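Quick note, the sequences are listed as chains A and B, same order. Residue 1 is where the first sequence starts when you use this note's numbering, and the numbers rise one by one after that. Residue 1001 is where the second sequence starts when you use this note's numbering, and the numbers rise one by one after that.
It is worth saying that the hints were derived from the structure and are not from the lab. Every value quoted in this text rests on a predicted model; they were computed, and no experiment measured them. Beta carbons: idealized from backbone N, C-alpha and C, even for Gly. Some hints here could point you the wrong way.
Claimed, not checked - Selected chain B positions facing chain A (Cβ under 8 Å, derived; list incomplete):
1) L1022
2) S1039
3) A1125
4) E1135
5) P1164
6) Q1165
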Amino acid sequence: MTSAPPVGPDEGALRRALQGPEFRRGAAQGRWALEKLTFPYAYFRITAPDRPAGPPQFLLRADCTGYPAIAPTSALWDGRTDSVLAEGLRPAGANGACLISFTSGCGACLYHPIDRMARPHWPNAHHDLAWKLGFEITDLLECVHGLLDSSDYHRASSPEAAAHLPGSPVVDAA
Amino acid sequence: MSAKAPPQTVDVIFAIDGVRKLHQRATPEKTTVEVFRKSVQAELGGEERDAVYVSDGAKPLPPRTTIAKAVGKDDAVLHVGVAHDVHVDVAFNGQSVHRDASPAMTVRSLIAWAIGPKGHGATGASSDYQLKLGEEILKPDLHLGQLVRDHEPLKLALVFKVKPQGAAS
């Protein structure tokens, strides 16, 4: 009888956080939900505020390698194609331009100090927004939810189906 | 003779005075708030926490309320602490407003009050503002009671949310 491979400390820590009260509170309040976990990738549905032209949720894929010591890197995701959400479908402001934190300023990642790929873009600023000791996955989810729950966000062309992965929710057994 | 069905339990998420992290505990749904409070007190020790609130509740829950009713269908977060008013000062643009609040009041609700007509009468939506305690940006779901130690007044600053702009190329 074969046994499952041992779970690394990063995956173990993430799984514990997903069972923890901070994550469960946000899920119970309808702010986010786990769509799929295939470590190191965790997919979350983030609830968006009502807008006349916008989906109820966005899908966020986070690469949690080294969690929590190393900041995740994440991006809005298109569940239909399992790839980065096209910039034309991302949250936009009143002028139609993609909100800066969701642009591709540094590739397929959040353009925000909390993202490990983008952090070096602000070496001497925004220390309070950056991932730090004690942060958990809910800090990332609160950040993204807060970016959407803003008067800056006016519309998005992303269809509702883009926030779902085929066959989800799925959590690969540890 | 049929076996008794096990009691239904509720996963209770709760905050505690002076502690930032949330706790969770599986509790039989018919447990009263008073029994729950005593069990939390017995486990944690320290100052006698004599009240249980629901998140954003203005007054403690009646002691005989069941846990199932307290958390409701929406899995409300509870707050276990000392029944008292939290004295809060919120500064904005050089002026300060004061209120007394329940320890279970959330930072989110305090922001809504602070920008409203009884606060600073600021323009814009609550989502455009945040509260700081010293240099720390407070998470919106925190209860004021989680921030207080030894009943000292809270001095907070209302600020616009910082939105990182593009880095210099």
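Structure-based check of all given hints:
1. Given hint, L1022/B at the interface with chain A, holds; its Cβ is 4 Å from that chain's nearest Cβ, closer than 8 Å.
2. About 17 Å separates the beta-carbon of S1039/B from the nearest beta-carbon of chain A, more than 8 Å, and the hint is not met.
3. Hint status for A1125/B: holds, given a least beta-carbon distance of 5 Å to chain A, under 8 Å.
4. Nearest Cβ of chain A to the Cβ of E1135/B: about 7 Å, under the 8 Å cut. The hint holds.
5. Satisfaction of the interface hint for P1164/B is found here, the shortest Cβ-Cβ separation to chain A being roughly 5 Å, below the 8 Å cut-off.
6. Below 8 Å, beta-carbon pairs count as interface contacts, and Q1165/B has one with chain A at about 6 Å; its hint therefore holds.
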